[in-house]
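S.K.: Taken in order, these protein sequences are the chains called V and D.
Counting in this note's numbering, the first sequence runs from 1 upward without gaps.
Counting in this note's numbering, the second sequence runs from 1 upward without gaps.
To be clear, the hints were calculated from the coordinates, so they are not data collected in a lab.
This one's a predicted model, so the numbers in the text were calculated from it and none came from an experiment.
There may be inaccurate statements among the hints.
[As the list claims (entries may be wrong)] Now the stretches of chain V that chain D is said to cover, found in silico as 3 or more residues with beta-carbon under 8 Å:
1. 81–93
2. 169–179
3. 186–198
4. 240–250
Ideal placement from N, C-alpha and C gives every residue a C-beta, glycine not left out.
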Amino acid sequence: MKILARIGFWLLVLMIAMFSLFPFYYAVISSFRSGTELFSVAYLPERFDLVNYLAVFQRQPFGRNILNSIAVAGSVVALSLALGITAAYAFGRISFRGRSLLLFTILGVSMFPQVAVLSGMFELIRSFGLYNTIPGLILANLMLTMPFTIWVLTTFMRELPKEIEEAAFVDGATPWIVVRRVFLPLMAPAAVTTGLLAFIVSWNEFLFALTFTLTNEQRTVPPAIALMTGSTAYELPWGAIMAASVIVTLPIIALVLVFQRRIVAGITAGAVKG
Amino acid sequence: MSDAVAGRITPASARRRRSSLSRSRVRAAWLFIAPPLIVLGLVAGWPLARTIWFSFTDANLNNLREYEFIGFENYLANYDGEWLGLLTDPDWWRSVWNTVWFALVSVSIETVLGMLVALILNAAFPGRGIMRAIILIPWAIPTVVSAKMWNWMLHDQFGVINDMLLRIGLISAPITWTASPDTALWTVVMVDVWKTTPFIALLILAALQMLPQDIYEAARVDGIHPIRVFFRVTLPLIRPALLVAVIFRALDALRVFDLIYVLTANSRDTMSMSVYARQQLVDFQEVGLGSAASTLIFLIIALLVVVTMTVGRLRFGEDAR
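Kindly produce the complete structure, drawing on both the sequences and the hints.
M.R.: Right, dumping it as structure tokens:
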């Protein structure tokens, strides 16, 4: 009976792992196959053919798309963290009138449906002359990352013991010095966590990127993959699409494997403790 | 939540705060939060206000400068006895129904499966850390990419899912998963379950790991059946965390866009509210009508947020006592 239960348990674990990993595994196998090979199903890797990977970079500006994505996600992370850390200090360590209301408003913004700002954002971006540009996407994505950056950093900030800054204040330090000298180093792990989450959100963002860009050269990776077409309109280049999918997923998987604990901490800090 | 904030300030410390030091700190606080507030006002508040304003105009995407105020005509209008506008469009109501159905079904399945996965990962076994990383992978893969991966796996002619099911004899002919009206929405649900069950599982797992172990010790000593322990002890204790996870997921599901747009394009059978609004706005260039749809989506979600926050606060209040 005990042994049966153990076997059942491991079967369940195995099933969860299979279910989680199979689509990615299948995408990897498919990306190494091309032409008519793709019209038959294969469960095991047969050969190692990089023709699809070359095609992605030769037939599309995919290298450019990746650079765009990195530029957008990187800038969004930097801006969100820079603006978020000082705000989190104010929200987490100083009591002032209207603090709860403001915090809840910010939490409310993080629950905005993206589509609710779409036409207003379109107008804003066009009036700044940022339509079909990378800065336009950076601006739009701030709406998605800033609220939860502030929220998560604030929850982390609250957990630090009170004595930390009191000593500094007794010594006559200004709030700005306290943030820079005392909290910035202490918040480094939290900033890494939040930055990672913001990076993933921005890297995966689709609706704004699809709507506010026009040419393939300005697109980030998600719309580039979604709109990838083959030589004819009816035939999708599945091999190339899978190759592109594998390329953009690998860095994310690497991040997840390396920073697993931090990401989980960030997700739970944003939801449970909030 | 705000109670926890207020709880930090004791009367004594409040009196001490009236010193010049604390006044300068409050000033610093406003200085610190001003830049992010201005940015948020610019990228969230202002566009939202403009969207609501556009919903009362006949603006067109080609020229956003010239438009006229037309009142509620985008929502409901009467021309020569014929009712027109968003609220009379069967496609809009179809998208509302699709979205609500999708949110209810997918979040329910994800909650049950997420609970199961969390309970398994809560057991101590070798390789638990690796498993935790593995289930994070579907969550971290860009939605567009997972939609494409599943599109390929679900391909009606060359897809691996049809091949598997044919091999084990569960179906006799290939199924057109994403195109057939009978299966399309279920397919969307399935991919969403694959992608977001990890999120719920991790939130539940975090709650499970904070539970005091002595209760379980006592239950084991008393010989109470594990299933009974789960429903009587575990479930009530993790209820607040579970509630938060479900609300977050439900709000996310109600604004679903990427998954449906990539998986089934602008098909009527699966169109969500967000897909509908974007189609009006961008494909048909009808900024007025599209903004009206966006405004309604915002109102629906805002209403839900307010309701859950009030109910949630009452709940948490009870738990605290």
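S.K.: Compare the structure with each hint and give your call.
M.R.: Here's how the hints hold up against the structure:
1. Check on the region 81–93 of chain V: 7 of its residues sit with their Cβ under 8 Å from a Cβ of chain D, so the three-residue criterion for coverage holds.
2. For the region 169–179 of chain V, the assignment as covered by chain D holds, since 5 residues bring a beta-carbon within under 8 Å of that chain's beta-carbons and 3 suffice.
3. Judged by the Cβ-Cβ criterion of 8 Å, the region 186–198 of chain V is not covered by chain D as claimed, because only 0 of its residues qualify and three are needed.
4. Figure legend: the region 240–250 of chain V, annotated as covered by chain D; annotation consistent (5 residues with Cβ-Cβ distances under 8 Å, at least 3 required).
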